[in-house]
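Engineer: Chain residues, written in single-letter form:
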Amino acid sequence: MLNESLDPRVNRLKLGHEGEVVTIVEGENWNAYEVFHQEKRGAHHEHVGSVQAPSAELALVFAKEQFARRKRCVNLWVVRSADILAFDVEDEDMFATNLEKTYRDASGFKVMEKINKFKGKK
Amino acid sequence: MYGGGYIFDEPNKRPMQDTIDDPVKLAEFEQRIADGHKIEPGDWMPNDYRKQLIRMIEQHAHSEIIGALPEGTWITRAPGFKRKLALIAKVQDEIGHGQLLYNAAQTLGKSREAMINDLLSGKSKYSNVFNYPAETWADVTVIGFLIDAAAIVNQVANAKGSYGPYCRALERICYEESFHLKQGHDAFIELATGTPMQRQMVQDALNRWWQPIMHFFGPPDKTSVHSEKLMKWKVKMASNDDMRNQFLDAYVPKIWELGLTLPDENLKKDEATGKWLFSDPDWDLFMKVINGGGPCNAERLQVRKWAEESGRWIRKALMNPNAARSFPVA
Chain E
1 MLNESLDPRV NRLKLGHEGE VVTIVEGENW NAYEVFHQEK RGAHHEHVGS
51 VQAPSAELAL VFAKEQFARR KRCVNLWVVR SADILAFDVE DEDMFATNLE
101 KTYRDASGFK VMEKINKFKG KK
Chain S
1001 MYGGGYIFDE PNKRPMQDTI DDPVKLAEFE QRIADGHKIE PGDWMPNDYR
1051 KQLIRMIEQH AHSEIIGALP EGTWITRAPG FKRKLALIAK VQDEIGHGQL
1101 LYNAAQTLGK SREAMINDLL SGKSKYSNVF NYPAETWADV TVIGFLIDAA
1151 AIVNQVANAK GSYGPYCRAL ERICYEESFH LKQGHDAFIE LATGTPMQRQ
1201 MVQDALNRWW QPIMHFFGPP DKTSVHSEKL MKWKVKMASN DDMRNQFLDA
1251 YVPKIWELGL TLPDENLKKD EATGKWLFSD PDWDLFMKVI NGGGPCNAER
1301 LQVRKWAEES GRWIRKALMN PNAARSFPVA
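Protein chains in written order, with the numbering used here: chain E, 1 to 122; chain S, 1001 to 1330.
Keep in mind that the hints were calculated from the coordinates and are not lab data.
It is possible that some hints are incorrect.
Derived contacts from chain S toward chain E, CB cut-off under 7 Å, selection only [claimed, not checked]:
(1) Lys1038
(2) Gly1042
(3) Asp1043
(4) Asn1047
(5) Ile1075
(6) Glu1113
(7) Thr1223
(8) Val1252
(9) Lys1254
(10) Ile1255
(11) Trp1306
(12) Arg1315
(13) Ala1323
The calculated lysine-lysine pairs, modelled on DSS-like cross-linking and capped at a C-alpha distance of 25 Å, are [unchecked claim]:
(14) S:Lys1254 - E:Lys14
(15) S:Lys1316 - S:Lys1051
(16) S:Lys1229 - E:Lys64
We treat Cβ as the ideally placed atom computed from N, Cα and C, and that holds for glycine.
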């Protein structure tokens, strides 16, 4: 048995006995939804974490409590975590040559050199 | 808020099983961490890394949830409207931190239900400080100021760890904890600079909480067994003794300058080494409280069981029977 608690609310509860076994079953805490936060109009929605919820509508409610109770927020998105499709992390090397593709980049084109050379000739 | 330390010990005192990991993958994994890269949920990781992280994040989550209980009780009795609002906000934050952390732990493959069941059965632990009662409002100010300060030392260190989802959760948590610390400090200072009776209240609370605070970072390094590998893997980011010293260095002067005392006559800074000296805390008591023998262990767990049982009907009512199970991805 418990001694009198310092918490008046605890004393009003009908607590079970010490050693009582309480088990929650798999799935009782629902499913994971990923949350995307938009800080201001015109900005991208950015991934900020996840919540557990029984439906997308409630996931939005929980996302508001969890990720938008301070600071600026104008909108949130939620999506079932199971619906996220991502590359396998083992395939990370397919992005390895990105930085070498200077032909896709403004810095890969040096016109001033040619212009100066042309002007120098005159 | 949360303090580590004891969490790396196998709960049943069995030696930790080192399952054999592929040596090539292990070397790549360790190189990635040494290079300062983060590990993400889909990455290959050693069994022990996964196991230790689950244990650590899960126990951190439990600590946030259980930690809200001794403070939640003071919301109705907090002196004044602003302090009630602040305390409601803080307690809500702590529950939110628990949620963030359960999600981070789930990315490693343990279900939230399994974590909660392990808490309710006593298999999984939480921070020892929450097994002590908050007897007066002054205790709440000491918790809000010093326990949250200690938790920040621990969490700021862990936020630089190697596991991506845990680091991201901690970043958000540390930001909110800075408000907890500030509101705790404000309430503490109010008493410490108040009437003789208020000063006596806060002194009594300090005397009650000093031992649990010294226990907060866990046993001294010399008794810690698993630290080396966990530090190399950036699971554990600072040693118990280093974090305790960092805390003492920052906060003891803030207490002494108010003319308050701490119940340890050996407490002083060795100016030559920069290390704080103190009487050895009672580690037998620490172990006893972890294993269920503290003043509030039974009450905390029974309140959690009550909440799970009383909330079951609404969880079931909202359940969509056709929903396929999914875990967080990041």
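Engineer: Look at each hint and say if it fits the structure.
Structural biologist: Evaluation of the provided hints:
Annotation: interface hint on Lys1038 (chain S) violated; nearest CB of chain E at approximately 11 Å, more than 7 Å. Taking 7 Å as the C-beta contact cut-off toward chain E, the hint placing Gly1042 (chain S) at the interface holds, the least distance being around 4 Å. Here the hint on Asp1043 (chain S) is kept, as its CB sits about 5 Å from the closest CB of chain E, short of 7 Å. Annotation: Asn1047 (chain S) was flagged as interfacial toward chain E, and the flag is violated, the nearest CB pair being 18 Å apart, outside 7 Å.
For the restraint placing Ile1075 (chain S) at the interface with chain E, the shortest Cβ-Cβ distance is roughly 10 Å, beyond the 7 Å limit, so the hint is violated. Look at Glu1113 (chain S): its Cβ gets to within about 5 Å of chain E, closer than 7 Å, so that hint holds up. Against a cut-off of 7 Å between C-beta atoms, the interface hint on Thr1223 (chain S) is violated, since the closest Cβ of chain E lies about 30 Å away. The interface hint given for Val1252 (chain S) is violated, since its Cβ lies 28 Å from the closest Cβ of chain E, which is over the 7 Å cut-off.
Look at Lys1254 (chain S): its Cβ only gets to about 26 Å from chain E, farther than 7 Å, so that hint breaks. Interface restraint check for Ile1255 (chain S): the shortest CB-CB distance to chain E comes to about 24 Å, outside 7 Å, so the restraint is violated. For Trp1306 (chain S), the interface hint holds, since its Cβ comes within 7 Å of a Cβ in chain E; the closest pair sits about 6 Å apart. Because the closest C-beta pair between Arg1315 (chain S) and chain E is about 6 Å apart, less than 7 Å, the hint holds.
For the restraint placing Ala1323 (chain S) at the interface with chain E, the shortest Cβ-Cβ distance is roughly 5 Å, inside the 7 Å limit, so the hint holds. A hinted pair counts as satisfied when its Cα atoms are at most 25 Å apart, and Lys1254 (chain S) with Lys14 (chain E) does not qualify at roughly 43 Å. Straight-line distance between C-alpha atoms of Lys1316 (chain S) and Lys1051 (chain S) comes to about 31 Å, which puts the hinted pair past the 25 Å bound. Taking the CA atoms of Lys1229 (chain S) and Lys64 (chain E), the gap is near 39 Å; set against the 25 Å cutoff, the hint is violated.
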